[in-house]
Amino acid sequence: MPKARGDTTGKSIAAGLLSWLLPGAGHWWLGHRGLGVVCFVAVTLPYLTGLAFGGVLSAVNPRTNRWLFLAEIGAGGYTTAAALVSQSLEREVLRAAGLSRVPDQARMPQEYLSYLEAATRAGYMSYYPQSDVATIYLATAGLLNVLVILDAVARASTGGLPTFHRELLTAREGA
Amino acid sequence: MKLLLGLLFVHPLELPSGARLWMLLPLVACVATVYRATRARSARELPRATIITFIQIVVGMVAIAAAFYLVHLAARHYF
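Chains as they are written, first to last, in our numbering: chain A, 1 to 175; chain E, 1 to 79.
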């Protein structure tokens, strides 16, 4: 059963943060254990699938894939861990390519190509169709976790009611 | 463990040929689950609602794909 209403602001922030760190953890903490497990599985599964097909170097990289990274950051705990691994792989690839930092694709196409070649030789890069599937899965997982975070915050502030509870009630009354 | 994680997430897996389209289904299942979870009072309400939403999304996407295919056929026929 959901916990009783108390200081909802602190509770909402804590539930949101927990969900950001680990999908479903906010719901679990609020007492919605079943929903917590469901949210954990429904976000973790696509995230790990995307990571498996994309490879951590190219799929979680704020320098080479910044828009995807922005979506992924919705699942903050996973993305932080993956970004750290990605950074260490990137350093390894840069050393192999004889570069000091990831070159800008538009300004230094030759250097960028040698970076890509070094990453491909190491077996860290994914290309079409794997990269497409990875992008869609990772972006969806990150954005789904934003929904999970908002739901955890809503449940924390209303004492356990779902995000669209008011809208559902209004629709039911209208019918 | 480190080797397994390395195999899984450091070196990207190959997608079997023809599997790309089928990858839609697990993703739709996850989207339907989270969407329904944000509207449910408890996990017990989820299975039926999730299955209905899953079917609605898949049917909707197939309908959109069929419509685009017809537009494509018409464009090839008339232009």
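A couple of the hints might just be wrong.
Claimed, not checked - What follows is a list of derived Cβ distance ranges for each label pair:
| hint | chain 1 | residue 1 | chain 2 | residue 2 | range |
| --- | --- | --- | --- | --- | --- |
| 1 | E | LEU7 | A | ARG91 | 18 to 24 Å |
| 2 | E | VAL71 | A | ARG33 | 33 to 39 Å |
| 3 | A | MET108 | E | GLY60 | 43 to 49 Å |
| 4 | E | GLY60 | A | ARG63 | 46 to 52 Å |
| 5 | A | LEU70 | E | LEU4 | 28 to 34 Å |
| 6 | A | ARG63 | E | VAL71 | 36 to 42 Å |
Said to hold, decoys possible - Just some of the chain A residues that point at chain E, by a computed CB distance under 7 Å:
| hint | residue |
| --- | --- |
| 7 | VAL38 |
| 8 | ALA42 |
| 9 | PHE53 |
| 10 | PRO129 |
| 11 | THR140 |
| 12 | LEU143 |
| 13 | THR163 |
Note that these hints are calculated values from the structure, not bench results.
Just so it is clear, the structure is predicted and the values come from calculations on it, not from any experiment.
All residues carry an ideal CB built from backbone N, CA and C; glycine is no exception.
Hints, one by one, checked against the model:
Hint check: E:LEU7 to A:ARG91, Cβ distance near 21 Å, so the stated range 18 to 24 Å holds. Distance hint check: the CB atoms of E:VAL71 and A:ARG33 are about 48 Å apart, inconsistent with the given range 33 to 39 Å. The supplied range of 43 to 49 Å is met by A:MET108 and E:GLY60, whose beta-carbon atoms lie about 44 Å from each other. E:GLY60 and A:ARG63 have their C-beta atoms about 37 Å apart, which leaves the hinted 46 to 52 Å range violated.
Distance hint check for A:LEU70 and E:LEU4: the Cβ-Cβ separation is about 29 Å, which falls inside the suggested range of 28 to 34 Å. Range check, A:ARG63 to E:VAL71: Cβ separation about 39 Å, and the 36 to 42 Å hint holds. Restraint check, A:VAL38 versus chain E: the minimum CB separation of about 5 Å is within 7 Å; hint holds. Among the interface hints, the one on A:ALA42 holds; its C-beta lies about 4 Å from the nearest C-beta in chain E, closer than the 7 Å criterion.
The criterion of a C-beta within 7 Å of any C-beta in chain E is met by A:PHE53, whose closest approach is roughly 6 Å, and the hint holds. Checking A:PRO129 against chain E by beta carbon gives a least distance of about 5 Å; that is within 7 Å, so the hint holds. Satisfaction of the interface hint for A:THR140 is found here, the shortest Cβ-Cβ separation to chain E being roughly 6 Å, below the 7 Å cut-off. This hint is violated: A:LEU143 has a C-beta 9 Å from the nearest C-beta of chain E, more than the 7 Å allowed.
Taking 7 Å as the C-beta cut-off, the interface hint given for A:THR163 holds, the closest approach to chain E being about 5 Å.
In this structure, the hints that do not hold are numbers 2, 4 and 12, in rising order.
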